[in-house]
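Protein chains in written order, with the UniProt record's numbering: chain S, 1 to 407; chain D, 1 to 407.
Read the hints as simulated data drawn from the structure, not as lab findings.
It does not matter which identical chain is used: a pair holds within one copy or between any two.
Calculated cross-link-like contacts (lysine-lysine; reagent style BS3-like; alpha-carbon spacing at most 30 Å):
#1 91 <-> 55
#2 91 <-> 110
#3 120 <-> 110
#4 359 <-> 388
#5 20 <-> 55
#6 120 <-> 55
Number of protein chains: 2
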Amino acid sequence: MALIVQKYGGTSVGSVERIKNVAQRIARFRAQGHQVVAVVSAMSGETNRLIALAKEIQPQPDPRELDVLVSTGEQVTIALLSMALMEMGLKARSYTGAQVRILTDNAFTKARILSIDEDKIRADLDSGYVVVVAGFQGVDEHGNITTLGRGGSDTTGVALAAALKADECQIYTDVDGVYTTDPRIVPEARKLTTITFEEMLELASLGSKVLQIRSVEFAGKYKVKLRVLSSFEEEGEGTLITFEEDTMEKPIISGIAFNRDEAKLTVLGVPDRPGIAAHILGPIADANIDVDMIVQNVGHDGTTDFSFTVHRNEFTKALDVLQTVKAEIGAREIIGDNRIAKVSLVGVGMRNHAGIAGKMFKTLADENINIQMISTSEIKISVVVEDKYMELAVRALHQAFELDKAN
Amino acid sequence: MALIVQKYGGTSVGSVERIKNVAQRIARFRAQGHQVVAVVSAMSGETNRLIALAKEIQPQPDPRELDVLVSTGEQVTIALLSMALMEMGLKARSYTGAQVRILTDNAFTKARILSIDEDKIRADLDSGYVVVVAGFQGVDEHGNITTLGRGGSDTTGVALAAALKADECQIYTDVDGVYTTDPRIVPEARKLTTITFEEMLELASLGSKVLQIRSVEFAGKYKVKLRVLSSFEEEGEGTLITFEEDTMEKPIISGIAFNRDEAKLTVLGVPDRPGIAAHILGPIADANIDVDMIVQNVGHDGTTDFSFTVHRNEFTKALDVLQTVKAEIGAREIIGDNRIAKVSLVGVGMRNHAGIAGKMFKTLADENINIQMISTSEIKISVVVEDKYMELAVRALHQAFELDKAN
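Only chain S is shown next, with the shape it has when bound in the complex (with noise of 0.2 Å):
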């Protein structure tokens, strides 16, 4: 017997249909007799539905009172899976974020979990229900209504995981898994069974979006057993995700991801003088603008190019804040390109495995792509080429590390 906290998302929970689904498979899981608390999400639509309505009435919506809406969401979604679960003959009880209790600071929209209070659920699964809890969304200390932000749900599953010492959390989503990379560009891309902490941040955070950022470190941190699988599928075993410790034979890479989000803005001619670089991305900063790669070659001849990516709606932005930069600091020149993609090998494996970084260039070399940026950490190397290049990049990497065959 196990204690098994499954996270369900809006498809998910989309319609009564699909609703008196889900309640069939966690009705499995009860027979195999383990205990289930089941984290779910509004039916898919209903949040955007709450909050154009609050838009109507105020463009910009109070977040206090915005939280008080959407989190009615996930209020109706966790009764309507209850009432699925007893019309089966099961026990189920619900409760909202604040009902559990769940704790949060009280950033209204973007808050963050400070404690969860296990008691209820831990006496309810005791004595033979399922519970059914609201994810994305807690209570202050004040008793205000909070949520976590979008993709809170996850977050709310592994949270719960981690305060009752599940043994495992469960993500279930419209795909089947984290695959080596997006199947619709690579036809050969294979599903990975097991997938590391520490892979799957830079995969969340190179923009696959099968699980939030947030929800990962949370795992990572607390030791949580995650497992990504379909809720449209009756049965696959998904990807676990492993603490490096866990896995014997690590693979060298994991996967590959991509995006066409980001674009490129250098500052040619720069002093080569200590603080230039806080001098460039300050106001950079004070605009609200997010910085992805930051590159700065070795300076010749007292000055130095700086250059670094921003997301391609700020590109524009970002060009006019240069502008007054550049005569601040002397600079001679502003280049920009926003028609950039950027590509990433991701894997632990490639700490103790040299020559990697120098097979990738090669491999987009003899594809004839030329690379613009370059920036690597302990488990992954990113490159920037033109944008056009982007599937033909992944395809030939995807091949040349040979992610389509089980390691």
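Since chain S is already given, all that's left is putting chain D on it; use the hints.
Chain D in isolation, oriented as in the chain S frame:
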């Protein structure tokens, strides 16, 4: 400066536009220097939508989960109304029933209010906030969400007004006050500027849908000044519901209530001995059939006739029950009639005025309307007549008692 509790029903907050109108009305009261607590229902149609969703999943929805579900309706409204108030530059803050906290018993779907913790509301009012409270809902001592049953938002409004010792509780609805009778039947029907609680109780229980009866009882018990107004008119004083002592000159008759909802059953030739009424009505109560009027004539020849009325929907069921009873008590015959109407004169003044009943009966006789049953209370006289005469009876009585003229 007064403290006013305003209750807005589902129709009054049925759309974004109407919610904005409510905000404007509240703003006018604030501009006059009043403190305002707004109690709101779910947007019209929302509660029924949620119940339908529940029944798709569980034909007899679990009461606890049903309350979790339907309580989201008012939660949506409080957030939207607070936003609308802020958008007009007012300070506003919303509270669910649990947040207030409105403590109830644990009779899910029909809970009763036990106490209200008004401290937070009072502090907010003193800081210049409009406080927006979800009607219809509360929380039991274990933190379970409860609802007060249909129409419960009126009760929330009155209970809050009592707890806060408000100067007035205003019930906004789609009619502009309480009338001497239904204007659709008697065009000369006149809006009353005042009516006593006792009269209102009789009118409410007789089918006037203006106020929920429990809220009127509550207001009477805690001496809350209650006023019924239209949310669709900018002006108008509505109808003030007063304590009898407040009224210097009591009108003899305040209004005429009527309905076609009942059916009449008569047990003929009942042995005239103690306990016989209980013997007849016991099985009726056991079958969960509510009884309204009960009439027993004096006996002769050792037998008597026993009549009572039930809701028309339960006529057949009641007839079946009586067939069994008939044999047990040795009655002669059971007869029934579901084509009846009840017409009632209501007025605190009739206590001290002889001759009201006589005038009523003569008025009906002049119209050739036969009276089938009569029942009286201190402030009410009800008669049962053939249902086709109902409108005629109401019009004749309205004219005879000169209800179209201000008293």
